[in-house]
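If you want the building blocks of each chain, they are given just below.
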Amino acid sequence: MKSHKKHQQINKTILIDIFKFIFVIALLCWMTFRGTEKLGYNWQWFQVPRYLFRMDDTGFLSGPLLNGFIVTLKITAASMVLAVFSGFITAILRLSNSISGRLTAFSYVETVRNTPLLVQIFFIYFVISPIFGISPFISAVFALSLFEGAYISEIFRAGILSVDKGQWEAAYSLSLSTFDTYFKIILPQAVRKILPPLTGQAVSLIKDSALVSTISIYDITMEGRVIISETYLTFEIWFTIAVIYLMITATLSVFVNRMEKRFKIAA
Amino acid sequence: MTEQPGKIIEIKKINKTFGNHVTALDDFSISVDRGEVVVVIGPSGSGKSTLLRCLNGLEETDSGSIVIDGTPLDSHPSNRKKIIKKIGMVFQSFNLFPHMTVLENICLAPRRVKGFNRTSAETIARDLLKKVNLSDKEQEYPNRLSGGQQQRVAIARALAMKPDIMLFDEATSALDPEMISEVLDVMRDLAKEGMTMLAVTHEMGFAREVSDRVVFMETGKLIEQGPTEIFFTKPEKERTKLFLSQIL
Numbered sequence: 020m021k022s023h024k025k026h027q028q029i030n031k032t033i034l035i036d037i038f039k040f041i042f043v044i045a046l047l048c049w050m051t052f053r054g055t056e057k058l059g060y061n062w063q064w065f066q067v068p069r070y071l072f073r074m075d076d077t078g079f080l081s082g083p084l085l086n087g088f089i090v091t092l093k094i095t096a097a098s099m100v101l102a103v104f105s106g107f108i109t110a111i112l113r114l115s116n117s118i119s120g121r122l123t124a125f126s127y128v129e130t131v132r133n134t135p136l137l138v139q140i141f142f143i144y145f146v147i148s149p150i151f152g153i154s155p156f157i158s159a160v161f162a163l164s165l166f167e168g169a170y171i172s173e174i175f176r177a178g179i180l181s182v183d184k185g186q187w188e189a190a191y192s193l194s195l196s197t198f199d200t201y202f203k204i205i206l207p208q209a210v211r212k213i214l215p216p217l218t219g220q221a222v223s224l225i226k227d228s229a230l231v232s233t234i235s236i237y238d239i240t241m242e243g244r245v246i247i248s249e250t251y252l253t254f255e256i257w258f259t260i261a262v263i264y265l266m267i268t269a270t271l272s273v274f275v276n277r278m279e280k281r282f283k284i285a286a
Numbered sequence: 406m407t408e409q410p411g412k413i414i415e416i417k418k419i420n421k422t423f424g425n426h427v428t429a430l431d432d433f434s435i436s437v438d439r440g441e442v443v444v445v446i447g448p449s450g451s452g453k454s455t456l457l458r459c460l461n462g463l464e465e466t467d468s469g470s471i472v473i474d475g476t477p478l479d480s481h482p483s484n485r486k487k488i489i490k491k492i493g494m495v496f497q498s499f500n501l502f503p504h505m506t507v508l509e510n511i512c513l514a515p516r517r518v519k520g521f522n523r524t525s526a527e528t529i530a531r532d533l534l535k536k537v538n539l540s541d542k543e544q545e546y547p548n549r550l551s552g553g554q555q556q557r558v559a560i561a562r563a564l565a566m567k568p569d570i571m572l573f574d575e576a577t578s579a580l581d582p583e584m585i586s587e588v589l590d591v592m593r594d595l596a597k598e599g600m601t602m603l604a605v606t607h608e609m610g611f612a613r614e615v616s617d618r619v620v621f622m623e624t625g626k627l628i629e630q631g632p633t634e635i636f637f638t639k640p641e642k643e644r645t646k647l648f649l650s651q652i653l
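Top to bottom, those sequences are chains X and S.
Counted from 1, the first sequence has number 160 at position 141 by our numbering; the numbering is strictly sequential.
Counted from 1, the second sequence has number 533 at position 128 by our numbering; the numbering is strictly sequential.
The hints are simulated quantities; they were obtained by calculation from the structure and are not laboratory data.
This structure is a prediction, so every number in the text was calculated from the model and none was measured.
One should not assume that every hint holds.
[To be verified] Derived Cβ-Cβ restraints for the label pairs, each shown as a range:
| hint | chain 1 | residue 1 | chain 2 | residue 2 | range |
| --- | --- | --- | --- | --- | --- |
| 1 | S | Ser551 | X | Ser196 | 45 to 51 angstroms |
| 2 | S | Asn484 | X | Met278 | 56 to 62 angstroms |
| 3 | X | Ser196 | S | Asp479 | 27 to 33 angstroms |
| 4 | S | Lys417 | X | Leu122 | 50 to 56 angstroms |
[As the list claims (entries may be wrong)] Under 8 angstroms between C-beta atoms, here's a sample of chain S residues computed to sit facing chain X:
| hint | residue |
| --- | --- |
| 5 | Asn461 |
| 6 | Asn500 |
| 7 | Phe502 |
| 8 | Leu508 |
| 9 | Ala514 |
| 10 | Val518 |
| 11 | Asn522 |
[To be verified] Computed list of lysine to any residue pairs in SDA-like fashion (alpha-carbon distance at most 25 angstroms, straight line):
| hint | chain 1 | residue 1 | chain 2 | residue 2 |
| --- | --- | --- | --- | --- |
| 12 | X | Lys184 | S | Lys412 |
| 13 | S | Lys490 | X | Thr134 |
| 14 | X | Lys212 | X | Phe156 |
| 15 | X | Lys203 | S | Pro448 |
| 16 | S | Lys490 | X | Thr200 |
| 17 | S | Lys491 | X | Asp199 |
| 18 | S | Lys418 | S | Glu643 |
| 19 | S | Lys490 | S | Gly424 |
| 20 | X | Lys203 | S | Ile435 |
| 21 | S | Lys642 | S | Leu627 |
| 22 | X | Lys203 | X | Met266 |
| 23 | S | Lys490 | S | Ser454 |
| 24 | S | Lys567 | X | Leu195 |
| 25 | S | Lys487 | X | Tyr191 |
| 26 | S | Lys490 | X | Thr197 |
| 27 | S | Lys491 | X | Glu188 |
| 28 | S | Lys412 | S | Gly475 |
| 29 | S | Lys486 | X | Tyr201 |
| 30 | S | Lys519 | X | Lys280 |
| 31 | S | Lys490 | X | Leu195 |
| 32 | S | Lys519 | X | Thr200 |
| 33 | X | Lys203 | S | Gly520 |
| 34 | X | Lys184 | S | Lys535 |
| 35 | X | Lys184 | S | Thr422 |
| 36 | S | Lys536 | S | Arg613 |
| 37 | S | Lys486 | X | Phe202 |
| 38 | X | Lys203 | S | Lys491 |
| 39 | X | Lys212 | X | Val275 |
| 40 | S | Lys491 | X | Ile35 |
Glycine included, each C-beta is placed from N, C-alpha and C at the ideal position.
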């Protein structure tokens with residue numbers, strides 16, 4: 020009897036919460052609608068799909084937004100791999116006994132974290148890339164991975180330091196090499212601490228990648244800006260782009276959640 | 406164990422001061438014969454653990470010399486590697502690898518360091534598990550085991566590298582009272598087999614029964630040492646008498 024009552028109570032609070040949520044969303048929608056109405060904005064959602072894809076006699080044709088989406092995916096994927104790599108190396112350097120290694124890693128992390136990403140992208144694109152003759156795409160990947168790598172190195176460092184000192188000592192007294200100590204003992208334990216903030220960093224990377232549109236790379240943001248300048252579909256396109264970014268990051272989060280479960284140490 | 410005469414551990418005048426001006430070892434000298442079982446006792450903070458940790462290079466000494474089985478522990482990496490391989494260490498907090506099964510814990514070093522293949526490493530591991538009475542636990546993860554079981558696995562793991570010397574750093578201090586004896590039994594068996602052992606412990610019954618010699622230290626200095634029976638029955642120094650009266 021008592022538990023039944025409690026059950027009802029919980030149902031009631033959930034209902035109230037759902038109602039509150041719907042109310043807030045409705046309020047936001049109404050405000051957006053009112054705002055655009057006052058602007059005299061003419062919604063033309065029907066125009067949007069053809070910028071994503073078209074179907075004609077030859078079949079499926081990807082539109083500029085979809086092409087941009089693929090460029091964004093390529094850039095973030097390549098940058099993430101490189102960023103994890105440089106982050107890992109930097110973390111190990113910072114934890115090493117070598118003074119020059121520690122100093123190099125420290126200056127890299129502090130310089131990159133304390134200057135704007137946009138400036139770094141411009142620096143690499145306008146100053147470094149002409150020297151080596153590298154393409155805008157490579158410059159973009161290079162700049163992004165350098166930037167995110169600095170943050171990722173701190174994530175790795177914290178994860179590695181979170182592993183109990185006794186694990187290092189046990190590995191040392193068993194004569195394990197530094198390589199084995201890292202890859203067999205420390206990292207498998209650190210990975211649980213590393214994965215959640217690393218996902219956060221990957222999400223930042225995806226969003227930060229929009230900045231490469233400034234160096235004439237046709238990622239999704241750049242494609243959107245081009246479409247807007249031709250059609251004045253400002254809100255429709257920006258909202259579509261936002262949803263696409265959201266889709267990428269949400270997929271990533273789900274994927275990482277699954278991975279985290281796999282890495283859980285048997286209880 | 407082949408009986409060879411001579412000192413397997415020779416420590417001369419080692420000093421160790423930690424950053425905050427705490428002297429852990431103060432001109433400390435000691436030597437240990439092959440096959441000898443030495444128990445180190447002393448109040449907490451007397452430098453017992455530091456002594457053990459300096460022996461295999463887990464802590465760096467400030468000065469003095471450590472020679473293990475003829476090899477000096479110095480800045481040469483090859484000497485250091487040689488020494489670490491000769492010494493097995495058992496920690497107060499077990500330090501098993503939590504993401505590996507008992508069997509994997511024991512097999513890792515023989516496979517990765519000595520290059521044994523899986524089958525021969527597992528044969529060694531199973532023999533050792535039988536020795537520490539844990540044959541039925543080889544597929545368990547450490548956190549499913551009791552403290553006493555974990556410490557026995559840790560001993561087996563250290564023995565898998567076939568060390569000449571075993572160091573026990575308060576191996577039973579973190580255990581519930583009812584689990585202490587199962588670990589001490591394993592240590593007793595090892596001593597009987599002629600393993601050279603250096604043990605920091607508070608288990609005076611064990612020290613009295615198993616050890617050949619007792620070393621009493623305080624504030625990094627060797628206060629008194631002697632053959633076990635004489636040490637416990639006729640200690641010379643007043644400080645030793647006082648300490649023994651407090652703990653016995």
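List of violated hint numbers, smallest to largest: 1, 2, 3, 4, 8, 11, 12, 13, 14, 15, 19, 20, 22, 30, 34 and 40
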